[in-house]
Amino acid sequence: MAKPIHLALVGSPNSGKTTLFNALTGLSGKTGNYPGVTVDRRRGHFHVDDKEVHLSDLPGSYSLHAISEDEAVTSKVLRGDMDGGIVPDGVVFVADATTLERSLPMLADVLHIGRPTLLVLTMVDELKVRGGDLDLFKLQAELGIPIVGVVGNKGLGIDDLRMRLPDFANWVQPKTLPERDTESRFAWADAILEKVTRHPLSESPLTRRMDKVLLHPVIGIIVFAAFLALFFQAIFSWAAPAMDLFSGWMDGAADWVLATFPESLMTDLLADGVIRGVGAVIVFVPQIALLFALIFFFEASGYMSRAAFVVDRVMGWAGLEGRCFISLLSSYACAVPGIMATRTIPSPRDRLATILVAPFATCSARLPVYAILISAFIPDTQVFGPFTLQGLTLMGLYILGGVSAVTFAAVFKRGMLRGASLPFYLELPPYRFPSLKSVVLQVFRRVTVFLKDAGSVILVGSIVLWFLLNFPRHEAPADVSPALAHKAQIEQSYAADIGHALEPVFEPLGFDWRINVGLVGSFAARELMVSTLAQVYAYEGEDEDFAGFSDLLSKPDPETGEPPMTFASAVALMLFFVYALLCLSTVAVIKRETNSWKWPMFMMGYMSLVAWVAGWIGYMLAS
Amino acid sequence: MNPLPDVLTIADLPRVLVGKVLSVEGNGKFSERLRELGFCCGTEVRFERQAPMGGPIIVSLRGYRLCLRISEAKQIRIEGMAGLGGIG
Numbered sequence: 001m002a003k004p005i006h007l008a009l010v011g012s013p014n015s016g017k018t019t020l021f022n023a024l025t026g027l028s029g030k031t032g033n034y035p036g037v038t039v040d041r042r043r044g045h046f047h048v049d050d051k052e053v054h055l056s057d058l059p060g061s062y063s064l065h066a067i068s069e070d071e072a073v074t075s076k077v078l079r080g081d082m083d084g085g086i087v088p089d090g091v092v093f094v095a096d097a098t099t100l101e102r103s104l105p106m107l108a109d110v111l112h113i114g115r116p117t118l119l120v121l122t123m124v125d126e127l128k129v130r131g132g133d134l135d136l137f138k139l140q141a142e143l144g145i146p147i148v149g150v151v152g153n154k155g156l157g158i159d160d161l162r163m164r165l166p167d168f169a170n171w172v173q174p175k176t177l178p179e180r181d182t183e184s185r186f187a188w189a190d191a192i193l194e195k196v197t198r199h200p201l202s203e204s205p206l207t208r209r210m211d212k213v214l215l216h217p218v219i220g221i222i223v224f225a226a227f228l229a230l231f232f233q234a235i236f237s238w239a240a241p242a243m244d245l246f247s248g249w250m251d252g253a254a255d256w257v258l259a260t261f262p263e264s265l266m267t268d269l270l271a272d273g274v275i276r277g278v279g280a281v282i283v284f285v286p287q288i289a290l291l292f293a294l295i296f297f298f299e300a301s302g303y304m305s306r307a308a309f310v311v312d313r314v315m316g317w318a319g320l321e322g323r324c325f326i327s328l329l330s331s332y333a334c335a336v337p338g339i340m341a342t343r344t345i346p347s348p349r350d351r352l353a354t355i356l357v358a359p360f361a362t363c364s365a366r367l368p369v370y371a372i373l374i375s376a377f378i379p380d381t382q383v384f385g386p387f388t389l390q391g392l393t394l395m396g397l398y399i400l401g402g403v404s405a406v407t408f409a410a411v412f413k414r415g416m417l418r419g420a421s422l423p424f425y426l427e428l429p430p431y432r433f434p435s436l437k438s439v440v441l442q443v444f445r446r447v448t449v450f451l452k453d454a455g456s457v458i459l460v461g462s463i464v465l466w467f468l469l470n471f472p473r474h475e476a477p478a479d480v481s482p483a484l485a486h487k488a489q490i491e492q493s494y495a496a497d498i499g500h501a502l503e504p505v506f507e508p509l510g511f512d513w514r515i516n517v518g519l520v521g522s523f524a525a526r527e528l529m530v531s532t533l534a535q536v537y538a539y540e541g542e543d544e545d546f547a548g549f550s551d552l553l554s555k556p557d558p559e560t561g562e563p564p565m566t567f568a569s570a571v572a573l574m575l576f577f578v579y580a581l582l583c584l585s586t587v588a589v590i591k592r593e594t595n596s597w598k599w600p601m602f603m604m605g606y607m608s609l610v611a612w613v614a615g616w617i618g619y620m621l622a623s
Numbered sequence: 624m625n626p627l628p629d630v631l632t633i634a635d636l637p638r639v640l641v642g643k644v645l646s647v648e649g650n651g652k653f654s655e656r657l658r659e660l661g662f663c664c665g666t667e668v669r670f671e672r673q674a675p676m677g678g679p680i681i682v683s684l685r686g687y688r689l690c691l692r693i694s695e696a697k698q699i700r701i702e703g704m705a706g707l708g709g710i711g
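Residue numbers (the numbering used here), protein chains in the order written: chain V, 1 to 623; chain Z, 624 to 711.
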């Protein structure tokens, strides 16, 4: 078979590059995702007749003179400094037909590199609707390179484009090019456009009307608040039924394994270690899919840049920009999709600062832990009106998380992540509506990548945890109840050894070894705290029966005469949970998004320290 | 209202409404980026709107619209266009 053809897709943000990439590659062939704080690009393979085409989708950029690592990828790939020295055979330059005045100067820079280049004009339908008319034949003659007009989201012109891709050898090079400096390139572009424009385009009336409302100083804020409400609602409630369904399936599968296979350690490992462990990740899939569908829709439609404009002032105080807000907000549901959403932040420093604080946002996994501790130790007294002390405590914990996230972001941006920040500029593209197909493809890709990467870390982590809790083996006499047998097993497990070993560390916070075992358990995922504690205290009721379990925690133990937990240690534990990074999925996703273990390790370090100090202060004040 | 300063920048655009770019201050990569966004000598820039309380400003140029913070806007020198309230 013939050698594959390597082509690179280059263009500015909002030029319709992603839509075009999706239209060309579809789900056929392999699509990889090459992420990181610095690098984010995708590659797709497809066939034209018998020729294999490898298409790299490079980060959208306004220039080849990179001011961020992300943008540097484009010029590196074009020069063959990446991908093991493969220089692309040809460049497909994507330009929005309605903003050629800005994109042609960048094309001049790409042409200077000297690779065969094809110009794809997107949004040609919008150009017509807005009254613009270009002489494409003349433009082709002036530029000296072939041009294909497409409407990506309707699939028009895609087949024509596909057929021309293997023909890169005939993408002739232009005869005349301007000097490389910016002024000359813009003058060159202006001169060409003057010759080929038959009728200039007017502003999009729909966009003008929508912006009158959405950017209005008062109405705009109200719409923005509604947008936030919708976002929260979607993540908290709409995803919940699907999440319950998934978690039900996982429990069902684990129970089925336990019932079907002979009782043995292997069966136990498969059910409790593997299936429930991986299930903890799969449960997030509906939430992540919904979140990405929403984020992609708002990005592609153009509302995200309007929302960033509306909140830029507030985020500016923390040294962040408007787009960081979206990630922090998503993290209130779950830090995993929130951290993945930081990809829309162009500045690597701002992106990193957002990742560093995102786990402080009160994610839904903390709720069961807070709920148990509050109902056990906070009196249900009325404070004023309908507000009770319990409700206010919960609200306080939620607010504390958000305030801490923004404060720590401000600290990082003024300290470690200080330095010349990127100039803040944001294009406000005309409102456009993405096709359903393109939303579905985007969500599908994100979810597969998440499952593959976070899933593998969680799998390893939960097997290790299962081992720690179940070894060395304790053979219980046949006449004790399963809960007591389990308790005895845990008491002599490696996890208990770790719990005892941690006693000097957590003694100032009032935690005994049993709470420490709970912490070891919750390291895989916060919500495991409750079930691990239930095992440690041999609680025999249902996991979800909060009242019974709360009683067990706060009432004196008949054996020792002491309650397992005191008010002060409960306060310390809640504060510890506000700050500690107890979630393997989050650690895995941080590793994935920053492309190194350095940042997840740093975060575990500083967040544990902050958590310990906060817990200690809480313990001192409460006792 | 204060009189307009002698040297106008995009930050003054809310009062001047339309201006022509004279130059972008500085030689760093960031100034270069502003030029590459289309703030070249002679480019016409039109005021669109500003967020309340000194927030970012939206301008239109070269057939598209861009949102800038005031600190970036101050780097771009303009001249007002005659007959539109500027000081030509």
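Since the hints were derived computationally from the structure, they do not count as laboratory data. Keep in mind that a hint or two might mislead.
[To be verified] Pulled from the structure, derived: some chain V residues nowhere near chain Z, Cβ distances all over 10 Å: (1) A141; (2) L201; (3) P217; (4) M243; (5) L428; (6) M601.
[To be verified] Estimated spans, in silico, between C-beta atoms of each pair: (7) Z:R669 <-> V:V449: 39 to 47 Å; (8) Z:R669 <-> V:I399: 40 to 48 Å; (9) Z:K643 <-> V:A240: 54 to 62 Å; (10) Z:P628 <-> V:L621: 50 to 58 Å; (11) V:E179 <-> Z:S646: 13 to 21 Å; (12) V:D49 <-> Z:K697: 49 to 57 Å; (13) V:D159 <-> Z:K643: 29 to 37 Å; (14) Z:P628 <-> V:A410: 28 to 36 Å.
Glycine included, each C-beta is placed from N, C-alpha and C at the ideal position.
Okay, the hints, checked on the actual structure:
no. : hint                          : result
1   : A141                          : holds, 22 Å
2   : L201                          : violated, 7 Å
3   : P217                          : violated, 5 Å
4   : M243                          : holds, 36 Å
5   : L428                          : violated, 4 Å
6   : M601                          : holds, 31 Å
7   : Z:R669 <-> V:V449: 39 to 47 Å : holds, 42 Å
8   : Z:R669 <-> V:I399: 40 to 48 Å : holds, 42 Å
9   : Z:K643 <-> V:A240: 54 to 62 Å : holds, 56 Å
10  : Z:P628 <-> V:L621: 50 to 58 Å : holds, 54 Å
11  : V:E179 <-> Z:S646: 13 to 21 Å : holds, 18 Å
12  : V:D49 <-> Z:K697: 49 to 57 Å  : holds, 56 Å
13  : V:D159 <-> Z:K643: 29 to 37 Å : violated, 44 Å
14  : Z:P628 <-> V:A410: 28 to 36 Å : holds, 32 Å
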